[in-house]
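4 protein chains.
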Amino acid sequence: MGPLHVQPMNFLSDTTAPAHPKLLEAMTAANDGFAPSYGADPISARVEARLKEVFETDLKLVFTHSGTAANALALSVLCPPHGAIICHDEAHIHRDERGAPEFFTGGAKLLPLKGEHAKIDVALLDDTLNQWPQDFVHTPPPRVLSLSNLNESGCAYSVDELAARIGPAKAKGLKIHIDGARFANALVSTGANPADLSWRAGADSLCLGATKNGALGAEAVILFPSAMVQFEALQIRQKRGGHMAAKMRFVAAQFDAWLADDLWLGLARHANAMARDLGKGLSQHGDVELAHPTDGNEVFVSLSDADAQRLQAAGVGFYRWPDGSARFVTSWCTRKEDVDAALVALQQA
Amino acid sequence: MGPLHVQPMNFLSDTTAPAHPKLLEAMTAANDGFAPSYGADPISARVEARLKEVFETDLKLVFTHSGTAANALALSVLCPPHGAIICHDEAHIHRDERGAPEFFTGGAKLLPLKGEHAKIDVALLDDTLNQWPQDFVHTPPPRVLSLSNLNESGCAYSVDELAARIGPAKAKGLKIHIDGARFANALVSTGANPADLSWRAGADSLCLGATKNGALGAEAVILFPSAMVQFEALQIRQKRGGHMAAKMRFVAAQFDAWLADDLWLGLARHANAMARDLGKGLSQHGDVELAHPTDGNEVFVSLSDADAQRLQAAGVGFYRWPDGSARFVTSWCTRKEDVDAALVALQQA
Amino acid sequence: MGPLHVQPMNFLSDTTAPAHPKLLEAMTAANDGFAPSYGADPISARVEARLKEVFETDLKLVFTHSGTAANALALSVLCPPHGAIICHDEAHIHRDERGAPEFFTGGAKLLPLKGEHAKIDVALLDDTLNQWPQDFVHTPPPRVLSLSNLNESGCAYSVDELAARIGPAKAKGLKIHIDGARFANALVSTGANPADLSWRAGADSLCLGATKNGALGAEAVILFPSAMVQFEALQIRQKRGGHMAAKMRFVAAQFDAWLADDLWLGLARHANAMARDLGKGLSQHGDVELAHPTDGNEVFVSLSDADAQRLQAAGVGFYRWPDGSARFVTSWCTRKEDVDAALVALQQA
Amino acid sequence: MGPLHVQPMNFLSDTTAPAHPKLLEAMTAANDGFAPSYGADPISARVEARLKEVFETDLKLVFTHSGTAANALALSVLCPPHGAIICHDEAHIHRDERGAPEFFTGGAKLLPLKGEHAKIDVALLDDTLNQWPQDFVHTPPPRVLSLSNLNESGCAYSVDELAARIGPAKAKGLKIHIDGARFANALVSTGANPADLSWRAGADSLCLGATKNGALGAEAVILFPSAMVQFEALQIRQKRGGHMAAKMRFVAAQFDAWLADDLWLGLARHANAMARDLGKGLSQHGDVELAHPTDGNEVFVSLSDADAQRLQAAGVGFYRWPDGSARFVTSWCTRKEDVDAALVALQQA
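Chains as they are written, first to last, in my numbering: chain A, 1023 to 1371; chain B, 1023 to 1371; chain C, 1023 to 1371; chain D, 1023 to 1371.
Since the hints were made in silico from the structure, they are not lab data.
A couple of the hints might just be wrong.
[As the list claims (entries may be wrong)] Heads up, simulated BS3-like pairs for lysine-lysine below, C-alpha to C-alpha not over 27 Å straight-line:
| no. | chain 1 | residue 1 | chain 2 | residue 2 |
| --- | --- | --- | --- | --- |
| 1 | A | 1136 | D | 1136 |
| 2 | D | 1302 | D | 1358 |
| 3 | C | 1136 | B | 1194 |
| 4 | C | 1192 | C | 1074 |
| 5 | A | 1044 | B | 1194 |
| 6 | B | 1136 | B | 1044 |
| 7 | C | 1044 | D | 1194 |
| 8 | D | 1136 | A | 1194 |
| 9 | B | 1136 | C | 1136 |
| 10 | B | 1136 | C | 1194 |
| 11 | A | 1192 | A | 1044 |
| 12 | B | 1194 | B | 1136 |
| 13 | D | 1194 | A | 1136 |
Work out the full structure: start from the sequences and follow the hints.
Following this line, the structure appears as structure tokens:
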């Protein structure tokens, strides 16, 4: 895989990474004669069956090409236009999707809450649930709690941490959405199985992302049994949003290869390990400190301007984050030697 | 390409056809190391440069995976929420996109007009332009004229036919949108060059579709100079609609291969030729008659129930159309022997 | 009431007429101390009780100040964003509300049908119901049939004429909306009772307008039992649309006086009689012909430019209509001498 | 005015108060013959001229019946669908309008900020302006700062306090909206003149509310010169939202009487004085403490359950507020003896 690494120390984003070759091979294999359009093809059916095994439950799903589309579609069938969605103040759906949730829901309100390491603070959640009534005609009622796992600080909610937030929300009648753009990374990190980290924890819908973990562009909006009644509405909105691809087999084929032989978990395990190594190495240098635990494939550190410039001069790619930290993202194709080279670059004062 | 033809006489839709192998090869070649996300990659830039040559003009564009998304995004930057879009009563944007134009525009109104062979009747267009005022606060003003070329009856508007409709619309200040899901087929059929059939005819935006003509899922919303001021708005809406793919290089790569060496025109030329042969053959049988001229890759014929059943029994795939006719669609991979076999099946009473 | 008639031959619109004094008196009487806000006042309750008697059924309602708001709110709880509303091509909701139905429904599609005298043609309705499927994910399904009674050509649907249209629509599962901005005029004209011309004919919702018939600004969105399940949604949308007035008692008071002693019917009866006289008189002049039957308080006639200028020079107010005819509207306060004076003016060549 | 006071110690809300008799008299006087519809009447013109004098500037305006409608319409012409509106966490537009701003803007995002006494904290505002970029395609850019004056804790922003917030916002290019549902109360309280508290402070639009201060239902959306280019858009949205009343003269007449002889300021001055007296009296009792300064016609106090029950038993009307305090609202018709009687009731243990 040498030629893939034209920029070996690229830690900018897992979206700049290439796709895993097996997924492209599966797409090529899927390019075999005619196939029903719009998701009625046999590969889509096979993926659905496989996901039922993976999640140990009945479920329904639609595919999209982007995580923004997946989140917005899921939220649009869980929250009415006049309702509110509770999320973390740094949630991707709040800050990084240009208002797609508002657009697809028809104007639902996002209620952003603070909390350390991008985990919603439980006390603030309780306050919000108590202050925003469900049945007062003047006030948008919270109808959905959205949690990102892996979250925007690269941290994973454990099963217990999910319970502490989902419990009070469900007691008020809210639906639960999980933004799983990096769900595989959270699975590997927590050691939980897919069911325990989703529907058994109370999730009604999970957006399962493959794009950041080896796919070309493949996401799935999964409705668990508690939300399956919304499947027809989901398909309608998928179509109306321009996300019902004609030749859907090529998205399905990516998932097919990604799930086969637990490739998805292996890729996430590798990315997580690279991030752990990178985080550990960075934090041993001078006054560099980890800003958040490294639960997945993202490392956030405090970094002096001098250190930052030295790294960039050496060709190490990363981003300054809005909170002042520096973010490094690893991926399925990050190599140990790239991590080591970056750490060496940092040392060379 | 034998294995592609598991259902050799499939004329159901060009969306059931496979992709041309060269596009998959280009995607595989594009899977080479890291690349900037969201359309900032070098392949996207190359496609933009190539399209400027093809259309002999400056232009801006964004990619999408689906034609519905492309049309809806284009219309959303041409028409305000309180305006109206004139289209044919059988237009794809009116009947086949589950209200995506209404969704993306924020509630614009579609004004459907009749007209033979799915071409908007010029007199009805004039009436509508006169009856629906531009500046009366109570009435949604027509702000866009949308024309499909190739259209929904498989017919092509010639340059003169475009002028007869675009002229009066532009005189009232309307913007012009062309749904070019099968634009290549219209180009081949009319013999016009891309510029003459788009911006030189007055089009402000063209949705150029590759999916039905050899791609896996690749469409481009093109803004010509008269609409380029809307480019930032278009990108914002692309993002907000979930259509700004992270790994955009893989959509760009499809266009890159499709446009190279005029592959796109060759594929369309072949599909058109197959349709012409099929149409001619069908119409020589019994009382079968062409419902519309066969300008592109679609054949519409009157077909008795007995004939229809005979064809279906022989494994020929086609659809009954809402107007009572039967629609047969050819594609880049339709073979002459498939056409001949279908015609033989029809004869065997 | 002399001072009201500063422009005695004003037939421009019933919206330019003053309010009936009894309604202002009722508002003044309602201005008595504190009252619960947002519709929880006792006058609102009294109107609800009175409307149940008038319509001989249980029902739910909300008030608005404008007919556009009433129609849009009613449609928004009957039609999903991805559905379609069948209406006449000249319907107020289609041509005269700046897309309010599209706005409040979140982008539903209006399907305009032709038909003589602004009555939807039954055969065209059947075609549309057959061509637009209910369960095809790609196509917006018709979900509502909207009928105006009195309609936009000043004609009334009889009970039988309603049945001919509502029957096939309900057979496909559509909901029925009646735009009753001039419902009282239709009642008087047809001689039908309120129940027979609404819910017994199949209507799920009626927008009952008082503004054009003596009120300052008062409309009611009525949900009959078949749609009462939508009442909470209707209230939410009323609030969200800015139509839940804080001091609602003043809208309720208008309805209270309007319904008392059948004032509403008396006012409509007078307006209709004036229109009939005016129409008869106009059509006896030269080549003037009635364009539509005069069922209510609107007269549409063909009028030469010379006749039109003569009338205008004499101070007779009316509008040229988009179809080329001239529209004269009478109201509760039109006097017989105004009608006579207008006819005299026409004669004086 | 005895009969108005059927519930003399009603401090529930200024929306439960009656209208000032002069406004009803003006409506009755306006009911004089025919008048142009939809705001083209001479009373509307007179109010516009008067407001130009009051605000010492050119301006444009539309009327609505409700404050929710006024705010939503103003915001809809200041903020694009994909933008964000910064407001206080307790703002009426955020908590009490059922998402009307989101609905009318087409899905703009509200960014709620904390701050003592319902005044936006300046440091938090700066953080938000810095963290939320203007030109990053993925993130909704803040485009409007909305300030309520009088605000939701009954406090007034002084001219200097406005400057401290509007300055940094305008430096980033934001538009400024003032929710002036109780603007007259803020004027009286601060002693500022209307211009200094609005456009000279940087406001682009002011929603001037009369309903809570003596009107039946009358609000004005004012566009100052910096936003007058949006007037046509505002009228279109007023119509599309169902807020362009046919007989607009009756809303205009309310404003006409309200502004005459500075009645509006006199009514506010009285209400403020009653609140000051009530607040002072309440806070002298036991452990009752003012939760916020009493700048206008609202008093917020800490109140033990025992005290609250005693007041309610005596017939004193007020509301428990979400933050645990008790809110008492005075109005133009609150009498000194009602205030005194409530204070006596509190003392009688």
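Item to complete: Against the earlier hints, flag every one the structure doesn't satisfy and list their numbers going up.
Response: Hint check: 5, 6, 7, 11 fail, others pass.
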